Amino acid sequence: MLAPGELEAKLAPNPKALTAKRWAMVVDMRKLDEQTAEKCIEACHRIHNVPDFEDPIDPKDKVDPAEKVRWEVKWIWKEKYEHAFPGQAEVAIPEKIHKLNFLLLCNHCDNPPCVRVCPTKATWKRDDGVVMMDQHRCIGCRYCMAACPYGARSFNWRNPRPFIKSEDESYPTREIGVVEKCTLCAERLAKGQLPACVEASKGALTVGDLNDAKSKVRELLRNNFTIRRKTQLGSNPQVYYIV
Amino acid sequence: MFEKALVGTKRYFGVLGFLLLLSGIGFFIYLRQLDFGLGITGMSRDVSWGFYIAQFTYLVGVAASAVMVVLPLYLHNYKAFGRIAILGEFLAVSAVSMCLLFIIVDLGKPSRLFNVLLHPTPNSVLFWDMIVLNGYLFLNIVCGWTVLQAERNEVPPPNWLKPFIYIAIPWAPSIHTVTAFLYAGLPGRGYWLTAIMAPRFLSSAFAAGPALLVLLCLLVRKYTKFDPGREQIQTLAKIVTYAILINVFFFFCEVFTVFYSQIPDHMLHFQYLFAGLEGKGKLVPLMWVSIVGMTITAILLIIPSVRKNETTLAVACAAVVVTTWIDKGMGLITGGFVPNPFEGVTEYFPTMPEALITLGVWAIGFLILTMLYKIAVSIKEEIRA
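Quick mapping for you: the protein sequence lines, in order, are chains A and B. For what it's worth, my numbering labels the leading residue of the first sequence as 36, then goes sequentially. For what it's worth, my numbering labels the leading residue of the second sequence as 3, then goes sequentially.
Quick caveat, the hints were computed from the structure, so don't treat them as lab data. As the structure is a computational prediction, the values presented were derived from the model and not from experiment. Built from N, CA and C at the ideal position, the CB exists for glycine as well. Hints may contain errors.
Stated by the list, open to error - Only pairs whose alpha carbons sit at most 25 angstroms apart, straight line, appear in this in silico DMTMM-like list of lysine to aspartate or glutamate:
no., chain 1, residue 1, chain 2, residue 2
1, A, K51, A, E210
2, A, K103, A, D247
3, A, K97, B, D37
4, A, K97, B, E280
5, A, K113, B, E345
6, B, K282, A, E43
7, B, K284, A, D87
8, A, K95, A, E114
9, A, K51, A, D247
10, A, K103, B, E345
11, A, K134, B, D267
12, B, K284, A, E107
13, A, K115, B, D37
14, A, K95, B, D37
15, B, K284, A, E102
16, A, K131, B, E345
17, A, K200, B, D37
18, B, K282, A, D247
19, B, K282, A, E102
20, A, K113, B, E349
21, B, K282, A, D162
22, A, K237, A, D247
23, A, K134, B, E280
24, B, K282, A, E107
25, A, K134, B, E345
26, A, K115, B, E345
Said to hold, decoys possible - The following residues of chain B were derived to be distant from chain A, with all beta-carbon distances above 12 angstroms:
no., residue
27, G26
28, P122
29, L221
30, I265
31, R386
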């Protein structure tokens, strides 16, 4: 008989896996046009089987607009400046910034409030900084959703499967009653692939090692002024925006 | 003693039958929720806790308030409360039972409930809430039942019970403090991020619980041969008066800090609740009824003649129960989630299935309460006979 975890412990990591001491992302808003942002969202939601309540497989399952708002599941999405950075809407900001659609996703905080509150360790921070989510341990108490200051978490208020038109069988679909969110494509990093949004972003999105002074993200942070969302809350978000 | 709950008048069984019917309806709709998901409620990605968690929060307060009877009795030897201590303890038992049920009906995956024990996580306040609530349920069952049994046998309560009685006293405020800490430590929710949350919870609890107990005492006197006593009711009335005054004071302390500082993260939630935001304000009338009603009731209760007349006292106590319920059971949770982290407004209101499941849980709680009170009252009647 195998002891719990024995099999997993024998698995060697893929030598091609992308690793870091501390993952971080830089979003270069100068390079992120509307179409590219859409492509990033589409790539992420397609490979992670995120349901689209506007587009059921069977037209009979159509939901009304209010239900669509209530049940929405999103891992990465667009938001205007004043909603992405509430309380920082300066009067004299350039017009083009007000028009920008910022790409928002889980910030993979260094001090994540969601991890602090989870009563089952269904969400936890890996040593490399990725905030993970185990949808098979989650009891659906939604404490993490109350704790996240960035609205990065979604709950399965109903069965999402009738709303996933092209299912990607390499990634699990979810059941009702669990929370989900972006995991920085942990499953892709392990195979040596960049996160799907980064790959689709034509260079607007960059991930890399914050602890490595020679990494691409450090180079971007060194040469550009960046902002982060709600830094005053002490969660230390790790998605940086060049505006 | 339990056999006392199994015999009774037609009216007693009529009440049980009615409560059983309501809980049956709730259970039936809960099965539908298990099948479809929490999407049958009004909750959303933005307002991810709703009516269930709000009822849970309110009832933790009702449960904690048993200490307002037990503390004067055991720490100050205020003997008059010996007569009604059991009513306070059994009210706590039924209230905590409802709390636990409300947590369960709110879970997305209730089948995985025991993951909380399989993977204990002390950094989560929810973990501690589980411990204090279950501990409090245990303490009140043990203390209430044992004292009642001793009373029936006309002997003093056994000595081994004393530590449990004394532990139960600080345990009571702890359950509501921990429940306040569920909310008061979340960095992004300005409405809840306030150190006065736990004191406010306790003051509203110590008003609402004893007010409910006054009403229950009056009912017990009317429908049974056991009189909880005029002095007892009058002392409870004073407790209600001071607690509701402190609660109103705490509310205005919060209002001052929020509006004098003018920090939007804190102000916007109050604005949503009391004036509406972006033209949306479903809760505005209710919130005004709550705070104006609560303040007027508090002032009226100061007047001795209002307290001493049991009819006006009953009306005032009912007003305390209702206004604190609106504050916690409607405003507290929704107000924390609106506006959302993007300063957008997604409103929340419970749906019909959600309301019926809630009613079902309340019915189970009152079923437990009715049976426990029947036992207690029968024993009291038996001793007097």
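Problem - Pairwise hint evaluation, E280(B) against K134(A), where the allowed Cα distance is 25 angstroms at most - result: Judged against 25 angstroms, a Cα distance of about 21 angstroms means the pair holds.
Handout entry: Given pair status - D37(B), K95(A), alpha carbons within 25 angstroms
Key = Measuring from Cα to Cα gives roughly 18 angstroms; hence the hint holds.
Handout entry: 25 angstroms Cα cutoff - pair K284(B), E107(A)
Key = Holds, at about 22 angstroms.
Handout entry: Straight-line alpha-carbon gap K51(A) to D247(A), limit 25 angstroms
Key = 18 angstroms, holds
Problem - Hint consistency between K284(B) and D87(A) [alpha-carbon to alpha-carbon, up to 25 angstroms] - result: At roughly 29 angstroms apart (the allowed maximum being 25 angstroms), D87(A) and K284(B) break the hint.
Problem - 25 angstroms Cα cutoff - pair K113(A), E349(B) - result: Between K113(A) and E349(B) the Cα gap is close to 21 angstroms, so the pair holds against 25 angstroms.
Practice task
For the pair we were handed, K134(A) and D267(B), check the Cα-Cα distance against 25 angstroms.
Solution key: Holds, at about 24 angstroms.
Practice task
Would you check the hint for K97(A) and D37(B), treating anything up to 25 angstroms between C-alpha atoms as holding?
Solution key: Roughly 18 angstroms separates the two Cα atoms, so the pair holds.
Exercise for the section: Would you mind confirming whether the straight-line C-alpha gap from K282(B) to E43(A) stays at or under 25 angstroms? Expected result: Violated, at roughly 52 angstroms.
Practice task
Sort out whether E102(A) lies within 25 angstroms of K284(B), counting only the CA atoms.
Solution key: Holds. K284(B) to E102(A) sits at ~18 angstroms (cutoff 25 angstroms).
Practice task
Run the C-beta distances from L221(B) to all of chain A and say if the shortest one exceeds 12 angstroms.
Solution key: 36 angstroms, holds
Handout entry: Agreement of K115(A) and D37(B) with the hint, judged by alpha carbon distance not exceeding 25 angstroms
Key = 37 angstroms, violated
The structure fails to meet hints 1, 2, 4, 6, 7, 8, 13, 18, 21, 28, 30 from the earlier list, while all remaining hints are met.
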